[in-house]
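> So you can see what is in the structure, the chains are spelled out below.
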Amino acid sequence: MGGGGGSDVKNAVWMRALIMAGMILGFAVVSYVGLGVVVADMKHHTWEDEEYHYKEAKSEWQEAVDAGEIQSDDKNADLYKAKEEAHHHEIDAHLSYLTYRVAGLAILFVGIIFTAFLVISGIMNSSRPDEHHDDHHGHDDHEHHGSASPIVFSFGCLLFLLGFPDFADGLHGLMMGSAKGTIADLSVSMIGLTVVTVGIANWWREDLPFNGYGEQLATSDPFAGQHIRKAGIWVFLMSEVMVFATFFSSYLRMRTEWCTKWALDDGKCTLAEGESVVMTASDYLRPGGAAGTGDFWTMLPGAVNTFALIISSYTIVLALKVAKSHDYKVPKGILGNLMPTKKAAIRNYLIITLALGTMFIVLKLVEWSHLIAEGFTVGTEQGSIFYVATGAHGVHVFAGLLVMLYMIFKADTVEWDEENAQGVEYFGLYWHFVDLAWVVIFPAFYLY
Amino acid sequence: MGEHKLIMGKDIYFWNFIVLMLFTLFEVGAVFFEEWPGTDIPISLTTVWAILIVVGIVKGFGIGAFFMHLWDDPRIYLRVALFPTIFVLLMLWGIGLSNPEGVTGLPGWCTPNWDSLVTER
Chain A
1 MGGGGGSDVK NAVWMRALIM AGMILGFAVV SYVGLGVVVA DMKHHTWEDE
51 EYHYKEAKSE WQEAVDAGEI QSDDKNADLY KAKEEAHHHE IDAHLSYLTY
101 RVAGLAILFV GIIFTAFLVI SGIMNSSRPD EHHDDHHGHD DHEHHGSASP
151 IVFSFGCLLF LLGFPDFADG LHGLMMGSAK GTIADLSVSM IGLTVVTVGI
201 ANWWREDLPF NGYGEQLATS DPFAGQHIRK AGIWVFLMSE VMVFATFFSS
251 YLRMRTEWCT KWALDDGKCT LAEGESVVMT ASDYLRPGGA AGTGDFWTML
301 PGAVNTFALI ISSYTIVLAL KVAKSHDYKV PKGILGNLMP TKKAAIRNYL
351 IITLALGTMF IVLKLVEWSH LIAEGFTVGT EQGSIFYVAT GAHGVHVFAG
401 LLVMLYMIFK ADTVEWDEEN AQGVEYFGLY WHFVDLAWVV IFPAFYLY
Chain B
1001 MGEHKLIMGK DIYFWNFIVL MLFTLFEVGA VFFEEWPGTD IPISLTTVWA
1051 ILIVVGIVKG FGIGAFFMHL WDDPRIYLRV ALFPTIFVLL MLWGIGLSNP
1101 EGVTGLPGWC TPNWDSLVTE R
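Residue numbers (my numbering), protein chains in the order written: chain A, 1 to 448; chain B, 1001 to 1121.
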């Protein structure tokens, strides 16, 4: 972010972050109560009923087998068919319950984190005296405004990751109520998260007054004359390409050795007696997959997410286009009511992007819960690479959402315009990259 | 910036968005169908792979060239964007060579008689 100065931003403006946080938390709590409690409870009752029916059907079948009325391997027997049908209904009811419960919890979790960032940044920045800000952000176009915030942020990430194994164990223990989990296990990561939040809050404070003046230009080849921030984000993105290329190549390397149903059908491998095909995520999700669980509905979250990311890429391009426009024309019809001014248009396009990104995270978690319930866990090679690669992508989406929160806040306060729109452009590059990574991950992990 | 080039009254971003949506539909459709629509002919693994790769390339190009502005930006950004390709190709090469029978399965012109170079002890 910029670090340059320009527009006069009073610290009281930060209090608006608290209003934004309140709205987000309100929405998250209502969504959680609606989806995660009310609907999920109804679905839970249905699941219990179906479970009872399944147990009854199974017991009837078992009694018939024990009495010698039918053979245990007779799949044409009516009682066997009834038992299997009841089992399918029970599984469907369980997955339906998981959908609403996980969706509600995910929205609440994301909402709380969004709220925490906004509240901490709002309170930290609004509590500082105005004159402090004026002293440090002059209007000199040529002044270099270095920032320590990225270093603070990175140090926080380092601490968080150092403590993460204990953090994960401790959190799991505390949630399960076992004696193993202690608060001490969480300490290093929690300090890391606090440092991250402070770094981001300070970063936001430095960027908010930036109005485009003082953007630094590179003075030497190969980027001479280019904005340093733009060159920086491109180099950063290319390092990210390497991260995802590592996941992808690991997957390809393992995949070429796995005897999947597709490879078996194509004669690319054979199975020894007692061996079964290796099942990948796509076998659970794709219609016709080896697990036999895939249908239209299991593919739907991944497919919807793909469209959501593409639409969100377009909405952020629209936000940039409006920000850079000199003469904003109010669209006709409903869109005109939603975007009556340039300021509202940019803010609302960014809000749509945020909503689509949040939906992506929620659907991904719902899908994961279904896969785990079906038996596709992280404990296998194919599960491990799937969850690590798609999880790393999800983390990138989530990090993008946190930046987007700030973008919306700036759009609603200082405003983006043709002078400072590069902030939207550079963030847009990151968001498009996340979309691009999904272009590779989706077919490789979900479809193939 | 692509908003200055209009095609049928709409800017390049709009058309890029439409193309991306259509190709995504095509991509998902290729996996939803186990047989070619209207026939009994099964869709083979190779065909699905080919469709996914072609669609991926088109979508990648659309996002990179127009949404990320590489089409209009100075060429240095394109060069930066292509730089990791070298490493990605090296990785793919490594994957190929480390496959079971990856080396012994290579064509003859790829596998000269290295035994003649082994030091006799």
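For the record, the hints were derived by calculation from the structure and aren't laboratory data.
Please read these numbers as outputs of a predicted model, since none were measured by experiment.
Please note: incorrect hints may appear among the correct ones.
Chain A side only, calculated, beta carbon under 10 Å to chain B, not exhaustive [as the list claims (entries may be wrong)]: (1) 151; (2) 155; (3) 226; (4) 228; (5) 229; (6) 245; (7) 272; (8) 299; (9) 302; (10) 311; (11) 317; (12) 428; (13) 431; (14) 436.
Beta carbons are placed, not taken as given, at the ideal position from N, Cα and C, and that holds for glycine.
> Under 10 Å is the threshold here; is the Cβ of residue 436(A) close enough to any Cβ of chain B for the hint to stand?
holds, 5 Å
> Under the criterion of a CB-CB separation shorter than 10 Å, is residue 228(A) in contact with chain B as hinted?
Residue 228(A) check fails; min Cβ-Cβ to chain B is 13 Å, beyond 10 Å.
> Hey, does the residue 151(A) contact hint survive, CB to chain B under 10 Å?
Status violated, d = 24 Å.
> Is the shortest C-beta separation between residue 317(A) and chain B less than 10 Å?
Hint holds; residue 317(A) Cβ to chain B Cβ min 5 Å, cut 10 Å.
> Take the shortest C-beta to C-beta distance between residue 226(A) and chain B; is it under 10 Å?
Given a least distance of 7 Å, the restraint on residue 226(A) holds.
> The hint names residue 245(A) as touching chain B; please verify it with the least Cβ-Cβ distance against 10 Å.
holds, 5 Å
> Is the interface hint satisfied for residue 428(A)? The criterion is a beta-carbon contact with chain B at less than 10 Å.
holds, 8 Å
> Hey, does the residue 229(A) contact hint survive, CB to chain B under 10 Å?
With a minimum Cβ separation of about 13 Å from chain B (threshold 10 Å), the hint on residue 229(A) is violated.
> Does residue 302(A) pass the interface hint, meaning its C-beta sits closer than 10 Å to a C-beta of chain B?
holds, 8 Å
> Given residue 311(A) as an interface hint, is the shortest Cβ-Cβ distance to chain B below 10 Å?
Holds - the Cβ of residue 311(A) comes within 10 Å of chain B, reaching about 8 Å at its closest.
> Against chain B, is residue 155(A) within 10 Å by beta-carbon distance?
Since chain B brings no Cβ nearer than about 27 Å to residue 155(A), farther than 10 Å, the hint is violated.
> Closer than 10 Å between Cβ atoms is the bar; does residue 431(A) clear it against chain B? Give me holds or violated.
Since the shortest Cβ distance to chain B is 9 Å, the answer is holds.
Checked against the numbered hints given earlier, the structure breaks hints 1, 2, 4, 5, 7 and satisfies all the rest.
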